[in-house]
Every structure is written in structure tokens, then in C-alpha cells.
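Chains B, W, C and D: place on chain Z using the hints.
Going down the list, the protein sequences come from chains Z, B, W, C and D.
Going by my numbering, the first residue of the first sequence is number 263, and it counts up by one from there.
Going by my numbering, the first residue of the second sequence is number 141, and it counts up by one from there.
Going by my numbering, the first residue of the third sequence is number 9, and it counts up by one from there.
Going by my numbering, the first residue of the fourth sequence is number 1325, and it counts up by one from there.
Going by my numbering, the first residue of the fifth sequence is number 781, and it counts up by one from there.
Since the hints were made in silico from the structure, they are not lab data.
Be aware that one or more of the hints could be misleading.
Claimed, not checked - Across the chosen pairs, the derived CB separations fall in these ranges:
1. C:G1766 <-> B:D305: 30 to 36 Å
2. W:T56 <-> D:N839: 36 to 42 Å
3. W:L43 <-> C:P1792: 42 to 48 Å
4. W:L461 <-> C:V1365: 27 to 33 Å
5. W:E185 <-> D:Q841: 24 to 30 Å
6. D:L836 <-> W:Q351: 57 to 63 Å
7. B:L598 <-> C:V1365: 48 to 54 Å
Keep in mind it's a predicted model, so treat the numbers as computed, not measured.
Cβ atoms here follow ideal geometry from the backbone N, Cα and C, with glycine treated the same way.
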Amino acid sequence: MDNILNQIGIENYIFLSVVLFCIGIFGVLYRRNAIIVFMSIEIMLNAVNLLFVAFSTYHQDAQGQVFVFFSMAVAAAEVAVGLAILVSIFRNLGSISIDNLKNLKG
Amino acid sequence: MEMDTNLALLLVLTPFLGFLINVFFGKSLGKTVSGTIGTLAVAISFIVTLLLFNQITTTGKAIEVTLFDWIQISNLKINLGFLLDQLSVLWLLFVTGIGSLIHLYSISYMHDDENLHKFFSYLNLFVFFMITLVIGSNLLVLFIGWEGVGLCSYLLIGFWHKNQDYNDAAKKAFIMNRIGDLGLLIGMFIIGSMFSTLDYATLKTAIAGASNLNLPLLSLAALCLFIGACGKSAQIPLYTWLPDAMAGPTPVSALIHAATMVTAGIFMVTRLNFVFDLAPDVQTVIAVIGAITSLVAATIGLVQNDIKKVLAYSTVSQLGLMFLALGFGAYEVAVFHVITHAFFKACLFLGSGSVIHGLHGEQDMRKMGGLRKAMPITFWTMLISSLAISGVPFFSGFFSKDEILLTAFHHSIPLYVVGSVASIMTAFYMFRLMFLTFFKEFRGTEEQKHHLHESGALITFPLMILAILATFGGLISLPGNSWLNEYLAPLFTKVAGEEQHLGTTEYTLMGVAVLGGLLGILIAYIKYFKQNNVPESDENITGLTKVLYNKYYVDEIYDAIFVRSVNGLSVFFRDYIETGLSTLVFGLGKITDELAFQGKKIQTGSIGLYLFVFVLGLCAIVSYIFLAQ
Amino acid sequence: MNTLIAITGLGVFCLLFEILNFRKGIVPFTILGLLGVLALNFYEFGSTESYYYNMITVSKFSTAFSSLFVILTIFLVALSHNFYENHQTKISDFIAIKIFLLAGAVAMVSFGNLAMFFLGIEILSIALYVLAASERLNLKSNEAGMKYFLMGSFASGIILFGICLIYGAMGSFDVVEISEFSLSAELPIWFPIGMILVTIGMLFKIAAVPFHFWAPDVYEGSPALTTALMSTLAKVVAIATLFKLISGLNLIPSLENQDHLHTFENIIVIISIASMTVGNIMALRQVNVKRMLAFSGISHAGFMLMTFLTVAASAGVLLYYTAAYALAGIAAFSVILYVCKNQHNEDITNFHGLGKTNPLLAAILTGSLLSMAGIPIFSGFFAKLFLFNQTIQAGHIILVIVAVINSIISVGYYFKLILAMYSKEPNEERTGKPFLIYAVAVVSITLNIVLGLFPSLVLDLLN
Amino acid sequence: MNVSTILIILLIGAFATYFSGDKLASKVALLFSLAALGCSVVLLNNYNAGVNISVICNWITQPKIAFALNADGLGLAMVLLTLALTPIIIFSSFGNEYKNAKSFYGLILFMAFAMTGTFLAADGLLYYIFWELALIPIYFIALIWGNGDADERRKAVVKFFIYTLAGSLFMLTAFIYLSQKANGSFLIEDLYKLELSSCEQFWIFLAFFFAYAIKIPIIPFHTWQANVYQKAPTVGTMLLSGIMLKMGLYSVIRWQLPIAPLAAKEYLYIFIGLGIAGVIYGSIVALRQKDLKKLLAYSSLAHVGLIAAGSYTLTLDGLRGAVLQMIAHGFVVVGLFYAAEVIFRRFETRNISELGGIRTQAPKFTSMFLILVLASVALPGTFNFVGEFTVLYSLSQINIWFAILGGTTIILGAYYMLRMFQHVMLGETNSKTFADVTLNEGISFAVIIAVLLFFGFYSKPITDLITPSLETILNVINKN
Amino acid sequence: MIHIPDLAHATTVQVIFCFLAFITIATAFMTIFSRNPIHSAIYLVICFFSIAGHYLLLNAQFLAIVHIIVYSGAIMILFLFTIMLMNLNERHQVHRPRITRLGAIVSFCLILIVLIAIFINSKPIVGGYDSTGEDFQSIKVLGKILLNEYMVPFEFASILLLVAMIGTVLLSKKEKLK
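Next up, chain Z with everything else stripped away, as it sits in the complex:
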């Protein structure tokens, strides 16, 4: 079976995922809504996952895909914990804007 990368080129995958990764970063910086920020972080992780799979094909090696499983587990765990924190903030503060989290400074 032909390597699909012969038609697309690993570079393009790299660029795609770099762009996606940067969009994630951009989202984190751009939005003040904590939920959207979480989503942006998910975009970042997904960009990496995509690259993992691409590299996995590149090397014809399954380990990259296995790693994606772990990465998904991590993402899930992070989201769970993050949302739990967010909920308790929402309860105390009534808002989920990260701009309101400026009590600790100096």
C-alpha cells in the first residue's frame, strides 16, 4: 500500500498542525471566556494529535497513534478537572471571565 504522504507531503501536515496549534494559542490569548479558552487548548492538543498521526504514517510506526490515546486521556482528564475548577469559580464569582481573576497580583 502506498504511503499517503507521497501525495501530500509531511511538510503540509506539519504546517497544518502548526497553524492549528497557533490558532489554539491565539484562542487562549484572544478570548476571555474560560470555556472558549479551554476549547482553544483542546485545539492545540488536537493539532498535536494530528501531527502524531502524520508522523506515525511517516515512520510507518504505530507508537505515534498509541501516544495519541494517552494524549486523549490527558485531554479528557484536564478538561474534567478544568471544568470542575471553573464550576466552583462560577459559583463563587458568578462569572467565567478570566479577566475577573486578577485578585492575585503584585
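Chains B, W, C and D in isolation, oriented as in the chain Z frame:
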């Protein structure tokens, strides 16, 4: 040898023992016992000195005693040792002799003072240090005594310590002496580094045997030593402490500030004659300074009204004459004058002390007068001494002063003239003192007049002894037949001067001097006896007199130039430099503190900012590593 | 490997205890268990083995650091007893999370595969997010948790990206294989980029400038015990892991092959200097002790980074430095826990007059601060000494001079606290002498001093 | 028995004092300090008899740091100074009631321990450790038991601490650098053997200089001094001025000069000049101080300036004079500060303008004070003269102007000391009553004065003790 | 260098790739830009689906499915749940200061340029991509690898999830006061 050591130690330590006893037990012993112990201690030293003198005159050999190593410096080793030769024993004779008399005198004079035991302990200590100074076998032992007598002088000038003016005077004396001491130290350093010894005997042989001497350096050393002498012997420019030192009790003035301590400079120069002989330039300086000092002090003395101040300036003036002689290399002449001066000046001081004692502390001559009848012994002894100091023939001062002037004449006419003028002035102000004090009517209060009386035997006895000495002291060195010159001859490398033949010139000069002296007396007589002048009260003094009365404003000038500038500098340093340096150090802290303060503002608490910096940092690092090339 | 299994088991036991309603026994049992783990570790020490397809490799480095982590955890667990007095229902959760955190930490220093590394760091991070936010009714704690979480997962993303690039370059996650490949000349640039990204992610975890901003805020907002954990255990773990990554994956030689070494070293030097300076200067004006120690931690991160200039030789020095720093931190925090219990903040004012009311604890806090400032005979001094020694040997004398100047600045704020304890009047009386806090404080400062007196004990472990 | 015994006694003493409770503390401390003194005297005897009393054993393997205590004449002399002054200082504090006395005396003994260690250490790092350790106790002593406004004191003490620490950290860097050159060894003999280029020596010298100039202090690094002296309790001031300053001076001789002789030789004039500038500056500033302790602080600045100048001459005389003067100054300055304390106990002030007229009420005290003042101005016959003369002599060998400028201390010293004495002690009887010295106070004074006078005339034992080791050091300095 | 696919001669695969890439990037942007969180969530789901498309393109079917299950099925549901729970909508949208946006845009551009520049700079991969022809990404292979070589991380991930679980409970559990 053992015997000599013991004798020397006895000589030195008896006054020290007296000092210790008086310090620790003086108060409980009572005044009379305390005074007696003090006097005895010095008297024992005097007796020992006589023994030593006897030994020296018979054997003609110096006695050397070495006790132990004192200070070790790489190339010179300094012993604590004594050298008892002709010069030191001679000096000891009048130090301990006059010392004993003055101690005796003090028993009565200080009897009313509650701290009498302290007074005697200080006096004993002084004698101890003076003896150390004189008999030390090297310059450093001399320096112990040198500083020690300075200390005692400090203690005794400030004896009445409740009066801060007296304390100021004491302090001034000590500090001016210290200026000289620095010179002495520097001189020692130079000599030490040149010859690797400070020991007189070794030094003398070293200099004699040295080839290729670094004469300029040696001259510098001599000059430094002379600065030391200036300080101790109150020469220009370091003389101003001596008149102020009259704040001390009168016996102190007599002992320390007339007879003994102030002659230490002359002693030192004489001791190191072999050094000074090699530095003719310095000798000239010495002569000039001596002459100027003698003239300046004499002029100031003309108008002083404080009886002790007159005597003090007279002392400075006489010391100047001695240095004049030293400057011409006529050491034995200077020594001769030291001895006669010790006699008559001690007598004069003690006499003035007797007067002050009689007047309960009054020192202003304008408030004296007519004391001749009330205090005959004092009057006569003082008169004899005045005649001696004025150079009236056949009193001791005549011989010694005449020799100085003769020497000066042979070397330098201008200096001779200066010296002569100073002598004439001396005669004048001494008799001004005599007339104002003892003649005419008493000008003090009624109460003082009521209590006028001759002082007790303990006071008059020393006066009489000293008066006798002042009269006949000149006999030790008669012109042309000088016992003293022969006695001192082993000390000097050169043949003592050009053996003075008494010729016409000499007789003429003698006559001139005598006439001058008489002239001075005459003027005083006319002014203060015939015309019955009494010096003006302070505020009415004007013109030249005012300048003289205020001592040429030298104190004020010194104060302005040195004291004030140092104090001003001190305040400046304290208030500005210290604060500035401190601010500088604190400033470093302040800067970091300010940075911290500003830095706190960056930490805004905003996650966006934090991540922004994060990303920037990431970009910077990545691009630096991978894109920089 | 056994250590890891034992620790995990212990964590599960902690959870079981809650079910068995045996709360009182949790702390002592856990401490005993951890002591057992420590013993196991000592037993394992010296062996070099890899387990399960090289997922876990046990080396001197990993055992030594694991032991340090275990010791620190023992202290932290002991402190928990007092700290969670009023949270009895949650104590098992807290302890269990700490134990799992330890498991993550151990995995981080003994990984043989980047997957283990990644999972380890995530366990550590997630546990820390939870602990930071664990005072759910306290807004500060929430904020701290949120900040840490957001920035931490951001950093995790970057680490993951880095790992991905490494994988792309090497085609493997295995440390041994990677380190072999990394020496080959023909190396895709992905590897160094990936390594740099991982390094940056780890620099975030150790709070090095400019990735440090989270630290003060999070330290301040978190419950004090969590702050203690972060500033001691978490920081030590992160720096040790980064060290292992850089040395284990042969980053330095591979950079050298590609002529990037010089720039990399420059970066390390700059970050080190910046961390020290920023940390120290910012700490000067802090009034909150936890915040101050956060900045102090940043500066210490800068110091520790100096070891990266001599990766080949400085493992022992790093171990020593981290041990000294962490022990001093534990001692300091145990006093802070005591003093600030029932206070609503950790301001310096709370420490006024401690020297009079409680001289022992004041002395301990003084000792720990002196250790951090680098005053002999505390081990902090030797740590700095060995560090400087190494760094001068590597020729970075300027860096050392900057470090020295920074040490001087640091004295300024450490002594602010000491001054407060000894020269101000006490404002309130404290009663009660919680045994465990005292014990932890005394033992940790004693260990610190013992390390100072016999530095070779630790220093030579890794040679 | 070797020199570590002294250290052990002092360390045990420090703890024993702490645990003996507030009431017994002072006596226990005195006991232990006397024991240490006794021990050091015994050791001195052994040393003179040729017994090896040095210690060397390995401590840290990598880098190589040894626990090496080397007792040569110089070290022993300094140790004796420390251990002789410590009991005096402790005894002198008997008149005061200190809060938390156990810690106070414990810290004093600990400080004595650290200082003794500094003088004995023959390994650069060990030396550095002791050097730093000595700083901690004095910091607390000044901070907790000091006097004056608390804020001011805090500022002064922290400045002092940070400042001195700053200096010594540079020294540490220098040591590390040196040990790299010496293959990882910090041992003094290895460091002595190093052959460094003149550039290296310059930087090493400078690093050492920072540490020592601040500690000694040499101007312009002295700004911490006066304030700390003023604010610290008198015991602390005595420890600082009597012993701790000597650590800096000792270190110049022991470490700085032999390790970087080329730099020392090249910049000889500058460093002597700095020392002498300190003499003049210190004397002048001392003149118009209002606070008695501050005045003494500046006088100390002047004296140590001279000592430093002596050390930097690199001649046997200079070094010997410096050591003699160190010892002499140690005693005299302790005595003077004690006098200030005695006055403070009675009048509760150290402000010179508020004093005066004490002499009539307290003749014994006056005499003792005067002797100390005179010793301080180096009157011949006191120990200080021996030192000062030797130093000035050595300076004159370098350049006569150094001796002249340095010699101004003779004049200025007399000026400010006598001025102070006059305003503090003399004048009209003070309206407040001033009890004369008590027995305890008298004993302290008497011991100090006896020492000063005895060695003033017979300094041979000390000279003989220190000369061989100074010659060794000079040999190292002149090796190339 | 970037190979801009020659659209005229593009293969099917390339067209699909471009299409998916476009969707991925566009929806990612939409996620960030849409004001309503629910819209964001929906865009994100589309984004995830397109990524799954990439996986399929790369022949990683199992992963694609898992991806959809985990992300779209679990994580996004969690998000939506939370959004609903908090009843968030546009009115919660807070004012964004301009400086923040500017900063975000600057850093976005910066990091994008830097990263892309690095990869462009790097040595291009020369030659074709070899294909071993072996099956390397079927469920069977993945399962073998996951449960043999990666057994330890696999187990370890369970600890991770356990921690997350305990943590979430800890954060939301109300304390029973004594």
C-alpha cells in the same frame, strides 16, 4: 656592672615608686606624708646622681646598662637600656636637684589642695620620665621619656581640671608636643633606616666610620629631629603652648616649663651633636629659629601683665638663645645656659609662686606692688635671679649669655644683633616685673593687703638655695677656664669651638652686653619706678602694644588656619561625606527596592499578559537558537 | 519500578481507608508506607535496570531523586495531619492525591519512554491543579487553581508538541533509541526544536523567567500546604526531570553536532540570570510570605539552571542543591503553616515577635532562610558553593558573579522576615504545639544541617 | 590535644550556656571561655615545645575540602587575643541584665567559636565558613540586644550584614576560582603554591579586598561601622571592634597577600594609600562626633587603617607591626568601649555634650580611662606604641611620606581622644552622681591595662611567637 | 519549501486534504471568533470531525473513531453540559480591551511566523516516503502494542484518570461539617 645596673635602676625607679605609693595610698597617707614621700623619692635619686657623678668624674667613663630587648624591627633591635655619661649625669644633677627643691616647695605651696597626693604622684612620675629621657641609651628610650614628660605636663597643666580653660591649655600643650614628636619619630625612622641603629654609641661610631653618607637624607633626619626639639622646647612655630601652660600650679611651671622638660630639646640636640654637625644647613636653620624665637618671645614679654606669662615668654626667649648657640655648634655653651637658666628661672618661678601664694592666687601684676616689705626673702631671691637673667656681671646668667652672644658674634653679626636686642628686652621686662611687683604701693584689695605675709620656710628655703645657685652657677664655666667644657669634651667630636681667647673684641662685646642689660633695667626703672606707670587695663591697650599684648595674634592665626580648618573639615566629613557614602550604599539598596516596586506593577495578575510573555519568550528562544544564524 | 508500584498501591490503600472509615490511621499509615518505600528505594539503589520494554529505567539518578521525593512527601503528609484538621471528610482524598502525585513524580525521573514522562508530568500537574483549587469556597484558591490550570495545560500542549516533533524526528519514544539516534549527524531539525519546546514547557514548570508569572499568584492563592508542595516537591521534580531529559536524550551533543550548542548555552545563561535577578528583586517588596517564597523559588530555579551548563558532571550537584533547597523549604513552610493557621493571610505581620513567643520555630525558620540565602553551615551554602564550583569550572565566571550579586540581594528579603521575627513586638499569642509540625520542622532543618556538615553523603551518590 | 579542642570547648560552651538558663548563663559562659583560654595557653606551651597541634582530616571529597586547622604562631596569637578578650567581654557584661541571657551568652560563645575557627582554618573553604558563621551571632546580638531606635537599628544592622556578606561572597568566588586552579583543593598550602598570572592575581586580590576592606573596614567601605557600633550593645561592639575587625586584617596577611603577591606588589602604593587615607579620614571625622561610641568607632577606623597600611607594605616589619598593633588595638578598644559602657550604666547617655565633670566623682575610673586613652594614642610604654612604631617604621621604609601622613595619627589621635576625654571626664563636677568603678568593672579594666602595659615594655614573647610564621608568609610572597 | 498543491493537477487525496485542512482551520477560527459559546462548541465539533477526516485520510480508522468518541462524544458534551449548567450566552461576553486583542494577534502572527520559518528553513525531506507495506495501524496491531510494550503507560494513564476523578470529586464535594 651589677652595681651600676642597680644604681641606675634605683635612680629611675625611686621616683616611680614614689608615684605608685602616692597613686595608690596617697590619699590615706595624709598630705604631709604624701608630700614627704614624693620629695624623698626625688631626693634619693639626687643622691644616687651624686654618686654617679662622682664615679663619672673619677673614671671618666660612661656607664652603660642594658635591661632587655624592647622592640624588634628587622634591621634594628631596640633595647631598653641606659647610658650614663657626662651629659646625662649633668642633666640628672639639675633635674633631680632642682626637682627635689621644687618638691619640697610644693609641700607647702600645694598644702591647701585636696588632691595633693595626686600632685606629688604626677611630679614623681614626671621626674621618672625625665630621668628616663635623659639616661636612655637610645633614641627610643628617650622617646619614652619624651612622651612621658609630655603626658605629665598634660596632667599637671590640667591639674585643676574643673576649669576647662586649663584643660584646653593642657590639651594644647600635649598636641603641640605631639606635632614635634612626629618629627622626632620621622627623624628616628630615617636614622634607623640609614644606620640600622638608634643607639647613641653605635650611631656615633657608625657615622664616624661611614663612607658615602647620604648627607641630604641625614640633614632631613636632623631637621625632623629639630622639629621634635621645637615642640618640646617651645620654639617657633610650636611655642604657643608654653605660655598657656602657665595654667598649671606654679611649682609645675618652675620644674617642667622652665628648668627641665623644656630643655629636653636642647639635650636631644646635644646628645646627637654628631648628627647635627654633619648638617650645617640644619644648624643654620636652628640658629635662625632660635634667634627669632628669642626676639619674638622677648617682645611679647615686654607687655604681659600676668606675672607667670612674663616668665613664660622669658623662658621661650632664653630657650631661643640656647638654640642659637646650638645652631653654631656651641653645644657646651648651650648646656651651660641651660644650667644657669634652670637655676634662675626656677628661682623666679618659685618666687612668683610665693607672691601668688601670698596674694591667694592673684597673678596680674597690675594688682600687685609694694610687696618688697611684706615678702623680703622672696624679693631678694627674685632680685638676684632677675639680675642673673639680665646679664648683670658676675651673676651666673652673665657668663652663659655672654658666651652665647660671643659665639653668635663670631658666626653671624645679624643673629648676634638679634640676640643682643632680645637680651636688652629681657633685662627690661624682668625689671618691669620687679618694679611692678615689689615696689611702690600695693594695688590689690584691702583684704589681700591685710593678709600679705612672707611664705613659709618650705617655700623660702628652696628660693634661697636657688638664688645662691643663680648667683654662683656661672663659676662652672668661667671664660677661658671652663670646667664644664672639659667635663663635656668627650661628647663632642669637634674640638669644642675655637678655643676662645679673651681678647679685646671679647671684652668689648662683654661691655656692650652689660651696658645693654643695664640700659634695659634703666628704662624699666624710669618707666615703672620714676614715672610710676602702671600698665593699662586690657581694653585700653592700643597700637603696637596691643599686637604684642595679644602675642602677635599667633594663637588666633593658628586657630584659624589649623584648628578651625580641621574642625570644619571634620564637620564637613561628618555631615556630608559620611552621609554621602552612606546614601551611596543605601542607594544601591534603594535602586533595587525601586526596581522591585516597579516590577510589582508588571505582575498584573492577568493570565493574558502572562501567556503573552510566555509566547514571546518561546518565540525569542526558538528564533534565537534556530533562526539567528 | 517496585517503588512506583508500591507508591501507587499506597495511594489506592489511602482511598480504601476512607471506605473502611479509618481516617485517623491514614496519616501514620501513609508515613509508614512511605518509609517502607524509602527503604525499598535504598535497597534498589545502585542497580541500573529497565523494566517493561524500557518504560521505566532505574538508575542511580532516578533512585536518588525518587528517595528525595519520597522524603519530601513524608514531610508533606505529616504536615497534612494538622493542616486538614477541619477537613476530615476529605483527608483521604488529599493524601491519596499527594501519593499519586508522588507516583507521577517518580515516573518523571525514572521514565524510559516519553509516554511515561508525559503521563507522569500530567499526573503531577493535574494533581497540583486540584490541590491548588482545593479550597473550593475560597476565591483566591479558585483563582490560583484556574491560573495554574490554564497556563499549565498551555505548557502541557507545548510539551506535547515538542514530544511530537521528537517522535517525528526519531520515530520512537524510547529514550535509549532516541539518545542513540540523536548522536547521528543526519538529524532532522525537528529533534532539537522538539527538545527546545519540551525544555520550554519544563521551564514553565520550574517557573523560570519569562515563564514564571504564574508562580507567585498560584503560590499565594493556593492553600499553604499546597504551596509548600509546589515550592519544594514540584519544583524539584520539574528540574530533575528536565535534567534527565536533557542529559538522557543527549541534547547537548546533538546540539553540538548542529552548532547550536553555543546559542543554547547562552539561552540557559540568560534565563538563569533573568530568573535569579527577577526572582530576587521582585521578592524584595513582598509582604505575603508565600509570595515572597515564590519569588525566592524563581531565583533558586535560576540557580539550579546553572547545572545545565555542565550536564555531564553536575547531577550530584543538582541533587544536592535540590535537597538543600527543598529541605529548607519544608522547614520554612512548616513554620509558616503553624504561624498562619487560622489567619486569613500569610503576611509578614503574622511573624512579628515569633522569636519571643516561639523561639524554637523562629530559630528553625531563621535557619531555613539562612540556608536559602546560602549561609554556612546550612546546606544551602554548600549547594551554592558546589554549583559555583561547577560553573566556574565550565568557564562561566560572569554568571557566577551575577549569581553572587543575586545572593546578596536575596539576603535583603530573607532577613526582612528574620527581622520581623526578632525585632518586632508580637501581636498575638499562639497556643498549642502540634507535634507533627514541630517534628517536621526539626527533622527537616536537622537534615539540612547534616547535609551541610557532611555534604559528601549526597554529593557523591551519583558519581 | 590539638587546636580543635578549643573549638569543641567553645561550641559545647555555647550550647551549655543556652541550656543552663537565664540565671546561670553568664557564669557558665565565663567558665567556658576561661576554659578555652586555659586550653589555648596549654596549647601554646605545647606549640612552643615543638608539639604538633594542628589538625587535618578530609571532610568533603569532591570538591576536595579538608577540615584543616593549622596552628602557627600567627594563628595562635590571634586565637589568644580572641580567647583572652572573650572572658573579659563576658565578665564586663556582668553589670547588665539582659533579657533572654542564655541566648545572648550562647551567641557570644558561638561567635568566639567562629572567630577562633577563622584564625585557625588552613583550608580556604573552612576558613570561609567560619568567617561567615561569625557574622550570624553578631547580627542577632546587635539586632535583639542593641539600643536606640528600633527602626534605625534594624536599618544599620541589616546594612552591616548585607554589606559584609556581599564582600565575602566575592571572596568565596575567588576561592572557588583558586581551587579550580589548584586541582580542586582548597588547602592553604596548595593555594600558596599556585602560580597565577598577574591579571588573575589582580582580580583575586580585588575580590579578597572587597571582603576585607568591608570587614576591616578600609575607607570608603566603612559606612556600616559607626552606626552598628553605636546601635549594638556594648558587648557586641567589643566583639566587633576587638576581634572581628582583626579577622579582616589577619586575613589580609594570611590569605590575600600570599595568594596574590604580584597584585599586592604592583598596587602597593594604592593600598597603603587607602589605609593611610583611612587614618587621616577616620581621625578627622572622629573629632566632631557627638556620640561617644561613634567617636570610638571612627578612632577604630583610623587605627585599623594604619594596621592595614602596615600589612600592605609586604615587609616583615609591616606585618609584624600590624599584628602587634592588632592585638594592642583589640585590648585597648575593648577597654574604651567598656568605659563608654560604664558611663552609660550610670548616666544613661553617651552623648558627649551631656557628659563631663566625672573626674571629681570617680577618680579611679578616670585614671583607668585615661590610661586607655593614652594607650589608644600610642604613648610609649603601652603596647600600642610598639605596634604603631613598628608599622610607621615599616611605612617609612617604603616611602617617608607614608610615615609622615600615617604619623598624623599621633597628632590627630591625641587631638580627638583628649578632646573627648576633656569633655567627658573633666570640667565642673557633674550634677548627677557618678559612682566610681565597682570591683567587677575594676577587674576588667585592670586586666586590660595590665596587658597593655606589660607588653608595652616586653613584647618579645609575642614577637617571637609571630615572627617565624610571618617570615614563612613573606617567603611565599617573595617566592618569585 | 511549502508545496502549494497544484490544484489543476491535484490528485483526489490532495484535494481532500486541502478541503479538510480548510475546514479544520476555518472552524477553528470560527470557534474562537463566535460570540456564543454554544456556537463555538458546535464549530469545535466540526473541527474535530474534520480532524477525524484527516485520520481517515491517513488510514488510521480506529483512531478516527476513538477520536470522535472521545472528543466529540465525551469532551464536547462535557463542555456543552457546563455551558448549559452555567446558562452562558452572549450577555456573559465581557468587554475585551483592545490591547488584549492586539497582543493576541501579535503573538499569533509572531509564533506562526517563527515556527513556519523554522520548518521552512529546515532541510526538506528528500525522496519519497517508504512504505513497508506492513500493517502497522490496524486495531490488532495497536492493541498489541498498547497492551504489551505500552502496558505500563496504559496502566499509568488509569492513575491519571483516577487522579482526575478524585480531583473533580474533591473540588465539587460539599464538606460534611462535623
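Going down the list of hints, with the structure as the test:
no., hint, result
1, C:G1766 <-> B:D305: 30 to 36 Å, "holds, 32 Å"
2, W:T56 <-> D:N839: 36 to 42 Å, "holds, 40 Å"
3, W:L43 <-> C:P1792: 42 to 48 Å, "violated, 57 Å"
4, W:L461 <-> C:V1365: 27 to 33 Å, "holds, 29 Å"
5, W:E185 <-> D:Q841: 24 to 30 Å, "holds, 28 Å"
6, D:L836 <-> W:Q351: 57 to 63 Å, "holds, 58 Å"
7, B:L598 <-> C:V1365: 48 to 54 Å, "holds, 53 Å"
Checked against the numbered hints listed earlier, the structure breaks hint 3 alone; every other hint is satisfied.
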